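Kindly generate the complete structure, drawing on both the sequences and the hints.
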Amino acid sequence: QVQLVESGGGLVQPGGSLRLACAASGSNFRRYEMGWYRQAPGLQRELVAGVTSGGSTNYADSVKGRFTISRDNAKNTVYLQMSSLEAEDTGVYYCNAKRVVFGHDFWGQGTQVTVSS
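With this note's numbering, the residue at position 41 of the sequence shown is 384, and numbering never jumps.
No wet-lab data here; the hints were simulated from the structure.
A few of these clues could be false.
With a Cα cut of at most 16 Å, we get these calculated EDC-like pairs of lysine to aspartate or glutamate [claimed, not checked]:
1) LYS407 with GLU431
2) LYS407 with GLU429
3) LYS441 with GLU376
4) LYS407 with GLU389
Since the structure is predicted, the reported quantities are computational estimates derived from the model, not experimental observations.
Next up, the structure:
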């Protein structure tokens, strides 16, 4: 089992920045693929950014060049640095840990990000 706890959400003005953090409990964090998803009101949850166990990253087209995902395996933590935030970035951001070979798919409770003036 892996437990995930997100932090760092809040209210920010358009053009501002936030850094989200997701702390994971349990062992073998370094072997998990980690991802940040978001869900806006009335919309489906979507992948924002992901990082593999090997450190490869991928991003949704809408956030490329503005968001950066990173992981610190020594701290069992994954981060999402968000810059140049737009109103369309508003939503609940969820952390995900996945290890396909074992059928593991864990979610955090989510953290609210609101971009508004």
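Status of the hints after comparison with the structure:
Taking the CA atoms of LYS407 and GLU431, the gap is about 14 Å. The hint holds against a cut of 16 Å. For the hint pairing LYS407 with GLU429, the CA-to-CA distance comes to about 13 Å; that is within 16 Å, so the pair holds. With a C-alpha separation of about 5 Å, the suggested pair LYS441 and GLU376 falls inside the 16 Å cut-off, and the hint holds. Proximity of LYS407 to GLU389 is assessed by CA-CA distance (about 14 Å); at most 16 Å being required, the pair is judged to hold.
Checked against the numbered hints listed earlier, the structure breaks none of them; every hint is satisfied.
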